[in-house]
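Peer 1: Same order as they appear, the protein sequences are chains A and B.
Residues in the first sequence are numbered from 382 upward in steps of one, following the working numbering.
Residues in the second sequence are numbered from 34 upward in steps of one, following the working numbering.
Hints are computed from structural coordinates only; laboratory data are not their basis.
Fair warning: this is a prediction, and the values are worked out from it, not measured in the lab.
Ideal Cβ positions, reconstructed from N, Cα and C, are used throughout, including at glycine.
Hints may contain errors.
Here are some chain B residues the structure puts well away from chain A; computed CB gaps all over 10 Å [unchecked claim]: (1) Leu59; (2) Ile121; (3) Thr225; (4) Lys480; (5) Glu493; (6) Gly530; (7) Val559; (8) Thr624; (9) Ile632; (10) Ala663.
Beta-carbon label-pair distances, calculated as ranges [said to hold, decoys possible]: (11) A:Asp436 / B:Leu647: 37 to 47 Å; (12) A:Ala452 / B:Ile650: 36 to 46 Å; (13) B:Ile661 / A:Ala393: 17 to 27 Å; (14) A:Leu404 / B:Leu672: 48 to 58 Å; (15) A:Ala454 / B:Gly653: 15 to 25 Å; (16) A:Glu417 / B:His657: 51 to 61 Å; (17) A:Tyr433 / B:Leu674: 33 to 43 Å.
Listed next, the in silico SDA-like pairs over lysine to any residue satisfying Cα-Cα at most 25 Å (straight line) [said to hold, decoys possible]: (18) A:Lys480 / B:Leu654; (19) B:Lys649 / A:Glu478; (20) A:Lys480 / B:Ile650; (21) A:Lys480 / B:Ile640; (22) B:Lys496 / B:Leu568; (23) A:Lys480 / B:Ile609; (24) A:Lys468 / B:Thr660; (25) B:Lys408 / B:Met503; (26) A:Lys480 / B:Arg648; (27) B:Lys582 / B:Leu568; (28) B:Lys199 / B:Gly567; (29) A:Lys480 / B:Gly653; (30) A:Lys468 / B:Ile640; (31) A:Lys480 / B:Gly404; (32) A:Lys480 / B:Thr652; (33) A:Lys468 / B:Tyr658; (34) B:Lys649 / A:Glu475; (35) B:Lys480 / B:Thr547; (36) A:Lys480 / B:Met655; (37) A:Lys480 / B:Leu568; (38) A:Lys480 / B:Gln651; (39) A:Lys468 / B:His656; (40) B:Lys649 / A:Ile409.
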Amino acid sequence: MVPLNWYLLLSAAVFSIGVFGFLTRRNIIIMFMSIELMLNAVNISLVAFSHYLQDLRGQILVFFIITVAAAEASIGLAIIIALFRNKNTVHVDEMHEMKG
Amino acid sequence: MENYLLIPFLPFAAFLINILFGRAVLKEKAHWVSILAVAGSWVVAVMTLRDVLAGKTLNENVYTWILAGDFKVSVGFLIDQLTAIMLIVVTTCSTLIHIYSVGYMHGDNGYYRFFSYLSLFTFCMLMLVMANNFLQLYFGWEGVGLCSYFLIGYYFDKKSASDAGKKAFIVNRFGDFGFGLGIFVIFLNFGTTYYAPVFAQAGSLAAKSYNFLGFDVHLMTLISLLLFCGSIGKSAQMPLHVWLPDAMEGPTPVSALIHAATMVTAGVFLVARCNPIFSQSETALVVVALTGAITSLFAATIALVQNDLKRIIAYSTVSQLGYMFLACGVGAYTAGVFHLYTHAFFKALLFLCAGSVMHAMGGELDIQKMGGLRKYMPVTYVTMLIASLSIAGFPGLAGFFSKDEILWMAYSGSSPVGKIVWASGTLVAFLTAFYSFRLIFLTFHGKFRGTHEQEHHLHESPKAMTIPLMLLCVGAVAAGWVGIPALIGENIGIHNGIAEFMKPVLGHAEGHGTHGEELIVMAVSVVVGFAGIGLAWFMYMLRPDIPGKLTAQFSGVHKVLYNKYYVDELYSAVIIRPTIWTAKNILIGVTDAKVIEAIVNGVPAAIGGVSRQLRKIQTGLMHHYATIMAMGIFIIAALMLMRSW
């Protein structure tokens, strides 16, 4: 039996890798993948708690998150493609149209 | 009597119809609505007079206007002897002048506008005289002032006319400010603004003093003087007389109706209406009498040397209004109202004749450029001559009886200043006769002094104008016959009707003098009247060189009189220019430019400055936002963890 803490540590580690990747990398596709990592880290902890508390609602929530993440990924990728077609780059430092 | 509501509201209906449909529908027929309405008012007013003569009076509240705590004001009507006589004066003059205007204003652009204002004026004036409380009186008072402003500035594209309108309105503010305060003081002390309870309590509150602006003033004196402030403004008495001569910029029927016969006499009406209050204060009465006497003398001397046809008559009006106040000031309210009533006829007639002359002369007003008009316009000549004889106090005509009554009451009454005001009144009677006939001789006699073109154009006015002249002429002759003094009346079996009639409202002023003295006073006033006419005849008919020589000899006096004692210049220097200076240099220069603009411009500038700094956060770079978000999450998580410990 794997204790709950191990799952949570794994989740925290994956989440931190996601955050670290999101903050340090400048390639928009890698940043996007980092976001997916963070989402899945949350999913891990949700499933772990669901098992620990013997409550299926956590796993239902995970399905919702996966659905939302899929939708988000499709829109996000569409935006990235549109951006790439216009600017010919995936480097975020060159995207500052929203500068105030 | 039960139809009395028609009296004010018929003209009001005419006003509404004309102002709404006049421009598009009625156009050249606008006068029909107004004339029919005012003539209808006149018929009802005559029926009302008949009822009042039969002894019926009425005091009725029709509609609750304002109700706030203890303060209750109704639209209410009081019809008594004083109201009845005012109704006759207002509706008669108004009807005749409406008819006259058809001829005078023919073809004018604002024809419908003129008639709608004239009807509105009639409505307001009737509300003023029929009110049964001070607030409704004030409503009518301001209403006639507003109409006066509209009609003086009727030719609004002419700068002098619109300036004169503003002047009349602003000068009247000074008087009405006092009047308004007077009504406040009345409400504070009597707890009501209805005439009946106020007048009933006037006697019991007579001894009361009142703290006004830090001074202890006798209550009745205070109220009387504050109300009299309003009278001074509206009736163009010293020192607020300056607006009336300028008001002659309006069309002549307006001068006749508003600035001679009705509106300007509202001040006299106010004093007469409030006689229970004024009678409680000797001081106030002396002030009223002296103001009247000084104004009448002052205006009469100015009228001696003016050359503007309408301004001479305007100063004559100021002078005669002074006469009425003089009468009220010596306690002879009946004589004052009697003079108001006769004056309305002969002064309206004088103005309408002047309008007829202007009509013939193509708008020319300088009497030095007239002369010999007698043979071109006989009707105007005869009617104006009769009006002038009436104002000069020719025995038997309207002006004679009322003027004589005033002089006798001043002489014989118990007023401390009675003898002084009698002397000045007699002097004014002389001056009045002189300047009235100077006007007649220069305008209608001698040789024509205008251009050939004008001479060619001379003609008698149309019937619509001459018929009202003739009808008013009947009034100028016969209006005084209701007030034949006992001295003459008892010999021919007529008693002094007006004194008897007005007694319930205005009381009865007792003269203390013998028949002999009364005869002498009367003889003196007749003699000075004839002397004035004779002197005018001598100076302007027999020896036309004399006026020029006199002017040369007394050029200083002439200059002062010709420039109206420099009162306008004085006000300009003391009030107008400092006000404009303050407005320009302090209100515009400092308050507006430095304070208000600083606030108005400063607030957006500050917001702009702050936002310029805040915009720097918005870099548009994704990792900046990501860093800030991550920091936010860490801080929140840290706080949560710390709390859970």
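Peer 1: Take the hints in turn and mark each one as holding or not.
Peer 2: Here's how the hints hold up against the structure:
1. Leu59: holds, 65 Å
2. Ile121: holds, 81 Å
3. Thr225: holds, 68 Å
4. Lys480: holds, 90 Å
5. Glu493: Non-interface label on B:Glu493 holds, nearest chain A Cβ at 85 Å vs cutoff 10 Å.
6. Gly530: holds, 92 Å
7. Val559: Holds: least Cβ distance 97 Å, greater than 10 Å.
8. Thr624: holds, 38 Å
9. Ile632: It holds; B:Ile632 is separated from chain A by about 28 Å at its closest Cβ, greater than 10 Å.
10. Ala663: violated, 6 Å
11. A:Asp436 / B:Leu647: 37 to 47 Å: With Cβ atoms ~45 Å apart, the hint holds.
12. A:Ala452 / B:Ile650: 36 to 46 Å: About 30 Å separates the Cβ atoms of A:Ala452 and B:Ile650, which means 36 to 46 Å is violated.
13. B:Ile661 / A:Ala393: 17 to 27 Å: holds, 22 Å
14. A:Leu404 / B:Leu672: 48 to 58 Å: With Cβ atoms ~21 Å apart, the hint is violated.
15. A:Ala454 / B:Gly653: 15 to 25 Å: holds, 24 Å
16. A:Glu417 / B:His657: 51 to 61 Å: violated, 22 Å
17. A:Tyr433 / B:Leu674: 33 to 43 Å: violated, 20 Å
18. A:Lys480 / B:Leu654: holds, 7 Å
19. B:Lys649 / A:Glu478: holds, 14 Å
20. A:Lys480 / B:Ile650: holds, 9 Å
21. A:Lys480 / B:Ile640: holds, 20 Å
22. B:Lys496 / B:Leu568: Since the Cα atoms of B:Lys496 and B:Leu568 sit roughly 35 Å apart, the hinted pair is violated (cutoff 25 Å).
23. A:Lys480 / B:Ile609: With Cα atoms ~59 Å apart, A:Lys480 and B:Ile609 exceed 25 Å; violated.
24. A:Lys468 / B:Thr660: With Cα atoms ~24 Å apart, A:Lys468 and B:Thr660 stay inside 25 Å; holds.
25. B:Lys408 / B:Met503: holds, 17 Å
26. A:Lys480 / B:Arg648: holds, 8 Å
27. B:Lys582 / B:Leu568: holds, 15 Å
28. B:Lys199 / B:Gly567: violated, 40 Å
29. A:Lys480 / B:Gly653: Distance of about 4 Å is within 25 Å: holds.
30. A:Lys468 / B:Ile640: violated, 36 Å
31. A:Lys480 / B:Gly404: With a Cα-Cα distance of about 89 Å, the restraint between A:Lys480 and B:Gly404 is violated, given a limit of 25 Å.
32. A:Lys480 / B:Thr652: holds, 5 Å
33. A:Lys468 / B:Tyr658: Holds, at roughly 21 Å.
34. B:Lys649 / A:Glu475: holds, 18 Å
35. B:Lys480 / B:Thr547: Roughly 49 Å between the alpha carbons, so the hint for B:Lys480 and B:Thr547 is violated.
36. A:Lys480 / B:Met655: holds, 10 Å
37. A:Lys480 / B:Leu568: violated, 97 Å
38. A:Lys480 / B:Gln651: This hinted pair holds, its Cα atoms lying about 6 Å apart.
39. A:Lys468 / B:His656: Roughly 18 Å between the alpha carbons, so the hint for A:Lys468 and B:His656 holds.
40. B:Lys649 / A:Ile409: This hinted pair holds, its Cα atoms lying about 24 Å apart.
Comparing the model with each numbered hint stated earlier shows that hints 10, 12, 14, 16, 17, 22, 23, 28, 30, 31, 35 and 37 do not hold.
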